[in-house]
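Undergrad: Using the sequences plus the hints, can you model the full thing?
Each chain, letter by letter, is given below.
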Amino acid sequence: MAGEKKRKAKSPVLKRVLTDIEQNRTLLLFSVLIIIVSKICISYAPKLAGNITDFLARSVETGNFEAGFMVQQCVILLILYLVGNGADGMINRNMVKISQNLILKLRNKAQKKLNRLTFQYLDTHPAGDILSRITTDMMTLSNSIESTVPSMIGQFVQLFGVVILMVMTNPLLAVIYLVTLPLSFIMTSFISKKSKKEFKRQQIAMGDLNAAVLDTFTNHMVVKAYGCEKEKSDLFNKLNQEVCDSYVKSRFIAGFMLPISMFASNISYIILCVVGGYMLVKGTLTLGGFQAFLIYGNMVSSPLSSLANSFNMLQNGISALERIYEFLDEEEMAKEIPADKIVPEEIKGEVRFEHVKFGYVPEKTLMQDVSLTAKPGMTMAVVGPSGAGKTTLINLLMRFYDINGGRIYLDGKNIADLSKDNLRSAFGMVLQETWIFDGTIAENIGYGKPDATREEIIEAAKTVQCDSFINKLPEGYDTHISEENSALSAGEKQLIAIARVVLADPQILILDEATSQVDTKTELLITQAMEKMMENRTSFIIAHRLFTIRNADAIIFMVDGDIKEVGSHEELLAKKGLYASMYNSASDTV
Amino acid sequence: MISILKRYLKKYIGEIIGNIAIVAAQMVIQTFLIIGEMQRIIDFGVVEGNFDYILHAGIRMLVFTLLAGVCTVATSYLSAKIVAGVTTALRNDCFHKVLSFSAQEYNEFGISTLMTRTSADCVQIQILLINFLRSCLMLPILIVCIMILVFRVNVTLFSVLFVTFIFTIFLLVYFGAKSSDAFEALQCKVDRISLLVKEKLSGVRSVRAFRNEELEEKKLAGANEDAYNASIYANSKINFLAPLSLVIMNWAVVVIYFIGSKQLQAGMASISDLLVIFQYLTYFIGSLAAVPILINMIPKAAVSGRRIKELLDYEPEEKQKTVTKYEPVLCANGITEGEVEFKHVIFGYSGATDVIADISFTAMSGKTTAIIGTTGSGKTTIMNLILRLYEMTFGEILIDGKSIRDYDVDYLRSRISYATQKPMIFQDTVYNNIVSYNAACSKERVEAACDASEFTQVLEKLPNGLESEMSQGGMNLSGGQRQRLSLARTLAKDAAIYIFDDTFSALDAKTEASARKKIKEMLKGKTVLMVAQKISTIVDADQIIVLDRGRIAGKGTHKELLENCKEYQEIYKTQCYVEKEGM
Numbered sequence: 001m002a003g004e005k006k007r008k009a010k011s012p013v014l015k016r017v018l019t020d021i022e023q024n025r026t027l028l029l030f031s032v033l034i035i036i037v038s039k040i041c042i043s044y045a046p047k048l049a050g051n052i053t054d055f056l057a058r059s060v061e062t063g064n065f066e067a068g069f070m071v072q073q074c075v076i077l078l079i080l081y082l083v084g085n086g087a088d089g090m091i092n093r094n095m096v097k098i099s100q101n102l103i104l105k106l107r108n109k110a111q112k113k114l115n116r117l118t119f120q121y122l123d124t125h126p127a128g129d130i131l132s133r134i135t136t137d138m139m140t141l142s143n144s145i146e147s148t149v150p151s152m153i154g155q156f157v158q159l160f161g162v163v164i165l166m167v168m169t170n171p172l173l174a175v176i177y178l179v180t181l182p183l184s185f186i187m188t189s190f191i192s193k194k195s196k197k198e199f200k201r202q203q204i205a206m207g208d209l210n211a212a213v214l215d216t217f218t219n220h221m222v223v224k225a226y227g228c229e230k231e232k233s234d235l236f237n238k239l240n241q242e243v244c245d246s247y248v249k250s251r252f253i254a255g256f257m258l259p260i261s262m263f264a265s266n267i268s269y270i271i272l273c274v275v276g277g278y279m280l281v282k283g284t285l286t287l288g289g290f291q292a293f294l295i296y297g298n299m300v301s302s303p304l305s306s307l308a309n310s311f312n313m314l315q316n317g318i319s320a321l322e323r324i325y326e327f328l329d330e331e332e333m334a335k336e337i338p339a340d341k342i343v344p345e346e347i348k349g350e351v352r353f354e355h356v357k358f359g360y361v362p363e364k365t366l367m368q369d370v371s372l373t374a375k376p377g378m379t380m381a382v383v384g385p386s387g388a389g390k391t392t393l394i395n396l397l398m399r400f401y402d403i404n405g406g407r408i409y410l411d412g413k414n415i416a417d418l419s420k421d422n423l424r425s426a427f428g429m430v431l432q433e434t435w436i437f438d439g440t441i442a443e444n445i446g447y448g449k450p451d452a453t454r455e456e457i458i459e460a461a462k463t464v465q466c467d468s469f470i471n472k473l474p475e476g477y478d479t480h481i482s483e484e485n486s487a488l489s490a491g492e493k494q495l496i497a498i499a500r501v502v503l504a505d506p507q508i509l510i511l512d513e514a515t516s517q518v519d520t521k522t523e524l525l526i527t528q529a530m531e532k533m534m535e536n537r538t539s540f541i542i543a544h545r546l547f548t549i550r551n552a553d554a555i556i557f558m559v560d561g562d563i564k565e566v567g568s569h570e571e572l573l574a575k576k577g578l579y580a581s582m583y584n585s586a587s588d589t590v
Numbered sequence: 001m002i003s004i005l006k007r008y009l010k011k012y013i014g015e016i017i018g019n020i021a022i023v024a025a026q027m028v029i030q031t032f033l034i035i036g037e038m039q040r041i042i043d044f045g046v047v048e049g050n051f052d053y054i055l056h057a058g059i060r061m062l063v064f065t066l067l068a069g070v071c072t073v074a075t076s077y078l079s080a081k082i083v084a085g086v087t088t089a090l091r092n093d094c095f096h097k098v099l100s101f102s103a104q105e106y107n108e109f110g111i112s113t114l115m116t117r118t119s120a121d122c123v124q125i126q127i128l129l130i131n132f133l134r135s136c137l138m139l140p141i142l143i144v145c146i147m148i149l150v151f152r153v154n155v156t157l158f159s160v161l162f163v164t165f166i167f168t169i170f171l172l173v174y175f176g177a178k179s180s181d182a183f184e185a186l187q188c189k190v191d192r193i194s195l196l197v198k199e200k201l202s203g204v205r206s207v208r209a210f211r212n213e214e215l216e217e218k219k220l221a222g223a224n225e226d227a228y229n230a231s232i233y234a235n236s237k238i239n240f241l242a243p244l245s246l247v248i249m250n251w252a253v254v255v256i257y258f259i260g261s262k263q264l265q266a267g268m269a270s271i272s273d274l275l276v277i278f279q280y281l282t283y284f285i286g287s288l289a290a291v292p293i294l295i296n297m298i299p300k301a302a303v304s305g306r307r308i309k310e311l312l313d314y315e316p317e318e319k320q321k322t323v324t325k326y327e328p329v330l331c332a333n334g335i336t337e338g339e340v341e342f343k344h345v346i347f348g349y350s351g352a353t354d355v356i357a358d359i360s361f362t363a364m365s366g367k368t369t370a371i372i373g374t375t376g377s378g379k380t381t382i383m384n385l386i387l388r389l390y391e392m393t394f395g396e397i398l399i400d401g402k403s404i405r406d407y408d409v410d411y412l413r414s415r416i417s418y419a420t421q422k423p424m425i426f427q428d429t430v431y432n433n434i435v436s437y438n439a440a441c442s443k444e445r446v447e448a449a450c451d452a453s454e455f456t457q458v459l460e461k462l463p464n465g466l467e468s469e470m471s472q473g474g475m476n477l478s479g480g481q482r483q484r485l486s487l488a489r490t491l492a493k494d495a496a497i498y499i500f501d502d503t504f505s506a507l508d509a510k511t512e513a514s515a516r517k518k519i520k521e522m523l524k525g526k527t528v529l530m531v532a533q534k535i536s537t538i539v540d541a542d543q544i545i546v547l548d549r550g551r552i553a554g555k556g557t558h559k560e561l562l563e564n565c566k567e568y569q570e571i572y573k574t575q576c577y578v579e580k581e582g583m
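The listed protein sequences derive, respectively, from chains A and B.
For the first sequence, position 298 (counting from the first letter as 1) is numbered 298 according to our numbering, and the numbering increases by one without interruption.
For the second sequence, position 440 (counting from the first letter as 1) is numbered 440 according to our numbering, and the numbering increases by one without interruption.
Hints are computed from structural coordinates only; laboratory data are not their basis.
Mixed in with the good hints there might be a few duds.
Unchecked claim - Think about it this way: if two alpha-carbon atoms lie no more than 20 Å apart in a straight line, the pair counts; the simulated PhoX-like pairs of lysine-lysine are:
{"no.": "1", "chain 1": "B", "residue 1": "Lys237", "chain 2": "A", "residue 2": "Lys249"}
{"no.": "2", "chain 1": "A", "residue 1": "Lys493", "chain 2": "A", "residue 2": "Lys472"}
{"no.": "3", "chain 1": "B", "residue 1": "Lys219", "chain 2": "A", "residue 2": "Lys449"}
{"no.": "4", "chain 1": "B", "residue 1": "Lys237", "chain 2": "A", "residue 2": "Lys97"}
Note that this is a predicted model, so its numbers are computed, not measured.
TA: Printed below as a string of structure tokens:
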């Protein structure tokens, strides 16, 4: 982990994946060995079968039937098939094990990665993209390893073995047959190029359709209320028809692949039959040899036609692997060597910003020079129009982002000298966007303090006034909730998020629009409860509603990343500045 | 799944029969003619030393090959057509079923599962169907062809082959079917991983703020481990199937040799008979390769099929539960004044206690009626009932003296303009979002709406103005900008009744004040219903309704309520309290 500070020099994917399957390398080697042995058996079997046929033909001619030889040959054939085909089972098992071990390892790595990614990355990359790397790409990779890798190795060995045996059986016929082979290869590769384009078109059409469906479903209220059903339905029908047409088209073009390769292999078969028949008459080929050739013909042409397909799948697997590695190589937060330490229980809560400079992107500075001081126990309210940098202030304080210049102190200690974990132990925060995870209500509240007892959880719930509605639910605290769950209203979910923080009992509180979804009456009750908590604790409150912050010790009024005014409500009103004008315009209807 | 497929395949019965016929023709050509020709080469050409016969047979084979190729192309086209038709219809029905859902049903299912059912699940069915039509249909026909051919050649060897075929197919189908539970379990585990990752991504700030990284890691590692075990287990169930069936088929070769040698001795069979039977076997083994792949697909498709069926067969409970049976007299006009009257309206979600109970009030035409109350007191529900997004359980809602159930739903909704609590933005142009696809909306109206909702300032910053494309969920706008766009849409609609469901929450105070002033001006003479959290927002409303836990706690103007409504006084006090504390 330590070495991954900087983006690794991109080592070749295959080399890396070999390192990642370290524990299974012997198993892989062993499996490859089995594949080779089994394919040799499979390749040799038709030759042996041909020998038996020849023996039978001779026996019929001479009338002399030697049962012992026959039994011996048949037993060998049985063993060849048992080893040759039976080994597939073992190979399958091993490959699944190898691929699943790799997937497990990569998934665990990816998920550890999630904890170490910077917010720069997380805030700028769509969650769907990250998600697909951890789910879909992993699926593609495992499919590719489990089915493609062994079959490709097997096909190569088989091709090689069969060609040798064909030449051994009858060199002339072998040469004639092999000359016709590339025919199918050339024809199918032409079609596959064309069909790939169609498949891509189909994928795009499918993507458009899915986007339209999602859009309609998520906005269903508006669709109904504004009578847009017809438009949305028309759009859907149009896109659905497009998907349908492109599907038929791509399938139809791909449909030529099979007949063409079949046609090509049938032509080889015909040549074999005609030339072989000729040789049979001439006596340069035995019936057994002819039989072996007929089977070999199949054994050569089928791997050839599927090799192209396997190669495509392997390509998919490799590009999935590349995407996974790309994700694993994303820049991580620097490894911390904390120069200082805080003890959460002893925090007094003095926060000081000194000439802080910051921008989310280097070329665009949002905060030029921000300085402020929050004395222990003070309630600081941050207000200002959207985009003013209120949340940024919190991002910096929590070290979600690191500052570009200046310093931030907590109790006189530079927060850059503390480990993030240590720093965050002093804070509790409630965010604008309520986060509820899939689990019971008790688990969701208990998230603030993983070792909390049920009593503590209920106590916290009571503090923020959500005990009563939780008890009304049929399963109370054991009610299962999730992000999309409808059992709770938005406001109720927010209360649960607040209860989490109450339970965590932090030294410094941060409320970022924490009560925006809650009605004012409930909000007041919460505020009163929180006020008890906020006594002697430094707290930062971001809110749109002015009345929730009027009793703050200091109001910080921000515009465009800069602090324009600081002071108590009265002071700022008296100043008749920006805050006063905003306050008055908001409350002139009262 | 089967019943779903049956329902949709019915329409394509002709195509399916055609497809089967072509596949059959192809199989007959491949076995009877091409392999048959090979046998004739040996029997007549080789044995009699007749070169001409061999050459002619070769030419015949070439013709048959071309014919077989034509058949394959025809089946691939036909099967693609059937499959595309079925999945398109399936998707279409899913989509329109969901579109017909009320808001309640959306909640019950959840958007993400509705989405999965309409898209990914239909794809699963499609994959299964195409493979079935193209590879699996072939197998029984091939077996029949081979059986007939072998039966004609040699009855004893026929019985050996027959037993082998049946046994192999049984093996594949039986164990394949038995493994489906394991694959379903695997699918669940994989779904769980994606749920957890999604959750973690959306809550990354919370996770880090609570320093629960390790806890999350453990949770995910557990899910990974589960998926690993499930996948090893599921694979162990089918791993041996394909190799085993191959061993059986190939051993049959040896058995045929053995029995064949006895028959050769007795003069009951010829060498060419054996040769041709081996050819059939090789061909059969080749086509068997598709079976394990299909078996792997079945469990996935079965889960998808079940989910689709569940969706398509879903009968909203509420419709059965509605206490009052009502025969509507549909009417597509008549809302002019926009007076809304609630009469003892009750509404409850399925199973739970009533969300609102015995609500009666009248929103006078041309006046503003405000609803205020605590979180979860049923404010949004009341609004949804007027639009019939939810159907009331009991009672009556009248607009201009007529029950809302007497109006054609589309007409009813066309006369109401509704701004949702959470702004909903279409992935389309700003213009389409504002006019909500209503071509009749005039340019002046759009401009006025943008101005009143303070959206004009946002518009100026957008690269292409009204033609700017909104991303999924309007994510390229900030929360406040989305809310203003949503307001603009509400105002652009020409309706008799306007509903604002707490639509100013994401606006800063200055913008809100200005927008409210302009909106008031613009909607003069219209009935306005307004949900609010703050008394300051509604203080000048003509009528205020105080809602407390689903019941009306008071009705009247600000002044009246301050005098005689306890709940209102409380809200007022709390809001003033904060004010005074601050002063």
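Undergrad: Work down the list of hints and note, for each, if the structure agrees.
TA: Hint check results:
1. B:Lys237 with A:Lys249: violated (37 Å)
2. A:Lys493 with A:Lys472: holds (15 Å)
3. B:Lys219 with A:Lys449: Status holds; Cα separation ~16 Å.
4. B:Lys237 with A:Lys97: Distance ~14 Å between Lys237 (chain B) and Lys97 (chain A) Cα, so the pair holds.
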